[in-house]
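Chemist: Sequence lines, in order, name chains V and B.
The numbers in our numbering rise by one with no breaks, and the one at position 57 of the first sequence is 57.
The numbers in our numbering rise by one with no breaks, and the one at position 222 of the second sequence is 307.
No wet-lab data here; the hints were simulated from the structure.
Glycine residues also receive a C-beta, built at the ideal position from the N, C-alpha and C atoms.
The reader is advised that the hints may include incorrect statements.
Under 10 Å between C-beta atoms, here's a sample of chain V residues computed to sit facing chain B [stated by the list, open to error]:
1) L16
2) N17
3) L18
4) E19
5) D20
6) T22
7) G38
8) D40
9) I42
10) D43
11) L45
12) E46
13) V49
14) M50
15) D52
16) K53
The residues making up each chain are set out below.
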Amino acid sequence: MDALKQELKENLIEQLNLEDMTIADIADDDMLFGDGLGLDSIDALELIVMLDKSYGIKLTDPKEGRSIFESINTMAAYITENRSK
Amino acid sequence: MKNVYINSIASISAQKTLDNTSFLDAIEDYETNVLPVINPNYKEYIPPAAARRMAKGIKMGVVASKIAIQESGLDNVDAIITGTGMGCVRDSEKFVSAIIDNDEQYLTPTSFIQSTHNTVGGQIALELQCKGYNFTYVHASTSFESTLIDAKLQLELDEEKNILIGGVDELGEHTTEIQKLVHLVKAEAVKTSEVLDSKTKGAVFGEGANFFVLSNEKQATTYAEVVAIKTYNTLAETEVLQEAIHFLNASNLNIEDVDVLILGNNGDVDFDAFYTTLAEGFKNTQQASYKHLCGEFNTASSFGFWLASKVLKTQTLPEVVKTNNTDTTSFKTILLYNQYRGENHSFTLLKQC
Chain V
1 MDALKQELKE NLIEQLNLED MTIADIADDD MLFGDGLGLD SIDALELIVM LDKSYGIKLT
61 DPKEGRSIFE SINTMAAYIT ENRSK
Chain B
86 MKNVYINSIA SISAQKTLDN TSFLDAIEDY ETNVLPVINP NYKEYIPPAA ARRMAKGIKM
146 GVVASKIAIQ ESGLDNVDAI ITGTGMGCVR DSEKFVSAII DNDEQYLTPT SFIQSTHNTV
206 GGQIALELQC KGYNFTYVHA STSFESTLID AKLQLELDEE KNILIGGVDE LGEHTTEIQK
266 LVHLVKAEAV KTSEVLDSKT KGAVFGEGAN FFVLSNEKQA TTYAEVVAIK TYNTLAETEV
326 LQEAIHFLNA SNLNIEDVDV LILGNNGDVD FDAFYTTLAE GFKNTQQASY KHLCGEFNTA
386 SSFGFWLASK VLKTQTLPEV VKTNNTDTTS FKTILLYNQY RGENHSFTLL KQC
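Bound conformation, chain V alone:
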């Protein structure tokens, strides 16, 4: 699980062009949207594509994303449970 969290942070920084951030800047329980990292709706779409491409998870209901993308912890838990690759 720790390796997955590390990988998610790396992907987040790269996919979302978080130029000034390092892995150390993102805590496992930081809120990704809103007051935390400040991600927005376009980032949410990027994350949905990332789940599909990297882990074979298709989110059919975008509303699900709200709880899945809450933090690195929630993302890692969901991916561990649902990944097909």
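Following the hints, complete the assembly by docking chain B onto the known chain V.
Modeler: Then chain B, alone, in the frame of chain V:
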């Protein structure tokens, strides 16, 4: 009808033009066939959250527009009109590459959203919170001139008071490689000082962002007045001089009234004849060129417009742009002529205020 004035300028180019207190004093002498800009410290001007989705062209446009507005003394403008030939080519390349690499699946929205030609104008409006008229002209090498025509019409009719206009184009790695393959870019590296006389096929390609605040109210700091502008999609080499004379006559001027003729020649042996033909008709006039300094790109003529504005305000013509030597010391009227590969010609007439 009201007059139209250039009240502020800003330039990001391959030269040190960002610092508006100097005027091409120290020239960067390159030896290349592709000429990128000297990047400003973008972080000084754009918040990180906004900058993370911006490719170079957008950043150049946003920074140049901020500097131009700051110099104008305004908090905001009534309209934003942008010209670009190739638009946000880097994000276009990124998006198209992703389509190919991922077999048309897993396409992400960011590069697609940012790849449209009007992204620069949109991002400038977002940064300024300007909800006024916002338009982008995409018309090859008359893209910038099209912005100028639109702004001039609106200001003359007093529909707007202050309009931000600009020309911006960025180099894209893949696009440049294709342009090399079809010999639009010179095959050989050329020194900056030798570009204009290189007499080989193609041009040294470049990029840049040149922005201006135009107004129908003159200020103490105004650079120049925009007297006239005319564009032509096609014009034969033999017609250029006659058209220039007609263009001047329409403003009650003759060849003798022009103090400086600024030409957009780029050292392309196949198309510089348009410029030499015109230059012969102005042989007693001081002449200047600029594309050896900024490179060729669809909106490179906006660098010429920047140069003319600076000449009229400072009453100095830098040695590095002179292509002949007359004893002209007073610069009141400047005629600019540009074309690219024999198409999309433009004449622009500026005068001292």
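Chemist: Using 10 Å as the Cβ threshold, decide whether V:M50 counts as touching chain B.
Modeler: Constraint on V:M50 satisfied, holds at 8 Å.
Chemist: Close enough to count: is the Cβ of V:K53 nearer than 10 Å to one in chain B?
Modeler: Interface hint status for V:K53: holds (4 Å vs cutoff 10 Å).
Chemist: For the hint on V:N17, just tell me whether its beta-carbon gets within less than 10 Å of chain B.
Modeler: This interface hint holds because 4 Å falls under the 10 Å limit.
Chemist: Grab the minimum C-beta distance from V:T22 to chain B and call the hint holds if it beats 10 Å, violated otherwise.
Modeler: violated, 13 Å
Chemist: Classify the hint on V:L18 as holds or violated, based on whether any CB of chain B lies nearer than 10 Å to its CB.
Modeler: Holds, about 6 Å.
Chemist: Does the closest beta carbon of chain B sit nearer than 10 Å to the beta carbon of V:I42?
Modeler: Holds, about 6 Å.
Chemist: Less than 10 Å between beta-carbons is the criterion; does V:L16 satisfy it with respect to chain B?
Modeler: holds, 7 Å
Chemist: Would the stated hint for V:L45 survive a check requiring a Cβ distance to chain B of less than 10 Å?
Modeler: holds, 5 Å
Chemist: Min Cβ distance, V:D43 to chain B: is it shorter than 10 Å?
Modeler: Holds, because the Cβ-Cβ distance from V:D43 to chain B comes to roughly 8 Å (cut-off 10 Å).
Chemist: Measuring from the C-beta of V:E46 to each C-beta in chain B, is the shortest one below 10 Å?
Modeler: holds, 5 Å
Chemist: Can the hint on V:D20 be confirmed by a CB-to-CB distance to chain B that is less than 10 Å?
Modeler: At about 5 Å, which falls below the 10 Å cut-off, the nearest Cβ of chain B leaves the hint on V:D20 intact, so it holds.
Chemist: Checking hints one by one. Is V:D52 an interface residue toward chain B, by the C-beta closer than 10 Å rule?
Modeler: holds, 6 Å
Consistency with the previously given hints fails for number 6 only.
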